[in-house]
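A.B. asks: Chains as they are written, first to last, in my numbering: chain A, 1 to 447; chain B, 448 to 704.
Please note that a few of the clues may not be correct.
Said to hold, decoys possible - Straight-line C-alpha distance at most 30 Å; calculated DSSO-like pairs for lysine-lysine:
id, chain 1, residue 1, chain 2, residue 2
1, B, Lys646, A, Lys169
2, A, Lys84, A, Lys170
3, A, Lys68, A, Lys80
4, B, Lys603, A, Lys170
5, A, Lys158, B, Lys638
6, A, Lys68, B, Lys603
7, A, Lys141, B, Lys504
8, B, Lys646, B, Lys476
9, B, Lys673, A, Lys141
10, A, Lys255, A, Lys68
Keep in mind that the hints were calculated from the coordinates and are not lab data.
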Amino acid sequence: MWVYFQIAGRNLLQARRRTALLGLALVFVTTLLVLLQALSAGVADSMRTAATTLSTGHINVAGWYKTKPSDSAPLIVDEKAVRKVVEENTPGLAYVISRDRGFGKLVSDTASTISGMTGVDPKQETRLIGALTLAKESDYKEGGSDKRFGDLTKLGQKGTIVIFAGTAKKLNAQVGDQLTLTSQTFQGLSNSAEATIVAIVEDIGLLSSFSNFVNNDTIRTLYQLKPETTGAVQVYLKDIADSDRVLGVLQEAFKKNGFELVPHESKAFFQKFETIQNEDWTGQKLDLTVWSDEVSFLASIITGIDVVSYFLIGILIIIIIVGIMNTMWISVRERTGEIGTLRAIGMGKWRVLLMFLLEALILGAIAAAVGVLLGAGLAIGIDALAPRVPFEAMKFILLSDKLHFVLSPASLVKALFLFTGVAGVSALFPAYRAAKLPPVTAIQAVM
Amino acid sequence: MNRLPALALLAALVAAPVAHALEQADVDKLVKQLDDRQRNGGDYRATVFLERKERNKNDTVSEATIYRRDATDRLVILFTKPKEEAGKGYLRIDKSLFFYDPSVGKWERRTERERIGGTDSRRNDFDESRLAEEYVARWVGDETLGKFTVHHIELKAKDGVDVAYPVLQLWLDKETGNLMKQEEYALSGKKMRTSYYPKWKKMMSESKGAEVYFPGEIRIFDEVEKGNSTTIVFREVDLKSVDDAIFTKAWLEARSR
Chain A
1 MWVYFQIAGR NLLQARRRTA LLGLALVFVT TLLVLLQALS AGVADSMRTA ATTLSTGHIN
61 VAGWYKTKPS DSAPLIVDEK AVRKVVEENT PGLAYVISRD RGFGKLVSDT ASTISGMTGV
121 DPKQETRLIG ALTLAKESDY KEGGSDKRFG DLTKLGQKGT IVIFAGTAKK LNAQVGDQLT
181 LTSQTFQGLS NSAEATIVAI VEDIGLLSSF SNFVNNDTIR TLYQLKPETT GAVQVYLKDI
241 ADSDRVLGVL QEAFKKNGFE LVPHESKAFF QKFETIQNED WTGQKLDLTV WSDEVSFLAS
301 IITGIDVVSY FLIGILIIII IVGIMNTMWI SVRERTGEIG TLRAIGMGKW RVLLMFLLEA
361 LILGAIAAAV GVLLGAGLAI GIDALAPRVP FEAMKFILLS DKLHFVLSPA SLVKALFLFT
421 GVAGVSALFP AYRAAKLPPV TAIQAVM
Chain B
448 MNRLPALALL AALVAAPVAH ALEQADVDKL VKQLDDRQRN GGDYRATVFL ERKERNKNDT
508 VSEATIYRRD ATDRLVILFT KPKEEAGKGY LRIDKSLFFY DPSVGKWERR TERERIGGTD
568 SRRNDFDESR LAEEYVARWV GDETLGKFTV HHIELKAKDG VDVAYPVLQL WLDKETGNLM
628 KQEEYALSGK KMRTSYYPKW KKMMSESKGA EVYFPGEIRI FDEVEKGNST TIVFREVDLK
688 SVDDAIFTKA WLEARSR
């Protein structure tokens, strides 16, 4: 068997130019696939990080409260009772926080924007505070300096708000400016609250364009909420991968404790208002979701990237197959005499096939390995540099302000096997035809 | 003796405000009268033009037809111009407001806070006045508004009533009882909207057996986003009977086909 590898290797080296060209093409496509897969995984990772920092826990226990059938207030009326069930029944629990949810208009002196508002207590939100970075003034003010203004700890004071750089730019606002928050209470009455901007932070991708953090007392005043209510209890696990399993455990636990639940739907809470409004019940029902439910409206972006990647790679694979097949045909023709000689001295058809196949497989394996290493190296290097995404549209698609790549050993191995296999499959038919050549016909090429 | 007329004049001036303070019953009567004058026993139809000014944006104008049946609390607002807005409309049945968009083909429930056609107007700007039903009134004082002498009245929403703004300040013309100016406040006390009623018209209603008043024009100013305003002009008001079918979802849907 080793002889066949030697023959294959020698033949590859003899046709150096052909081997190099095919090899380069395979390296290029493998590198591209590795980068695209890493980019897609990076986008998913960015989405997960942004979502679980800004808007959702690994698991969310939210509530819907209706005083009349046409209501749909996103409230938990007894936060303590819900937290107790969570704390006593969640396997692998890391910690729990409560957040109030709001939606309304932020109005500055010169502009306004519709935005989500999250009421937070900074004492509970060490992870959030740690994840937010003060933005440079130049991020939100034309001609601004590189200085970073603001103090996140001031969010503990009533009448304060932290906004993202994109929102600050839209509102022409700076640290210290006052914003008017307008919305309606859950009883339907117009209300407003004033909030001073205590910090402007760097954007964390698309989600930060409709998120803002308000001191939770301010949200309670705006929505006229009682102290025992909250919007959602957000559960963080030691391992996010357990979310789906733990969701099931919590659903059972809440039912056992006498809570009613709305049927699970893989949608963000703000997509459920109309459904809840049209349901004919009153009182309190809980709504349990995992983090991926809350950002399901963004999942199509990742699907889109994957579809485009696979389409592109698919086209390139077809080109590679055609290239390899063509090259193998040339090789078979050039070596017809060699085939005839080998067959004449007793080499079987299948060994002739194996010989040609091995050439392609060795070329594929080496080129794919180089491509995988190159792709992985590029992905790691670019990710370390974390370059800023220059265009708004790209930021929207990539769900991040910076390019982020995530490698997984499984995807690297898949890429290696895929292109080794492609090379092998491409060579199969020419190798088969070479093997089928009658020895008499083949040896006449020598004479 | 020379001082007596001066003293009498001074006494009269001091006594004047006290003598003109309105009793609660009078205040309630004023508010009820405001409602009654605008209410029609039968149907109401009008063509309205809405001009919206928004800071840093181009002005927009749209045309709509209003159908009302006060006896059964029904209201339809059907947009007819421009082309992009034509076919969109609102239907109020009992206390629920629904919005229809023909491009989507869906009905959506909306609240009292709904900005009609994306303007600063609200449902109650087009509907019958129900201030006496929804609010508790308090006389603030007599003031002047331009060349008019007006009653300044404060209204606070009754508990459990679904209104857009919980606190209203009204200025009613002392002579005619017509509403001249209205300020709307949020729960926080922040002024949200100011509306002016420069023109009032009236029409004889056979079904009511009396005159029905309606504003010729309403000018609404957004007090939160300064620079934003909406002007509503009412034209072609008609108090003849309107087909029952108009106050149904099917009718609105059929308009866009």
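A.B. asks: Which hint numbers doesn't this structure obey?
C.D. replies: 1, 2, 4
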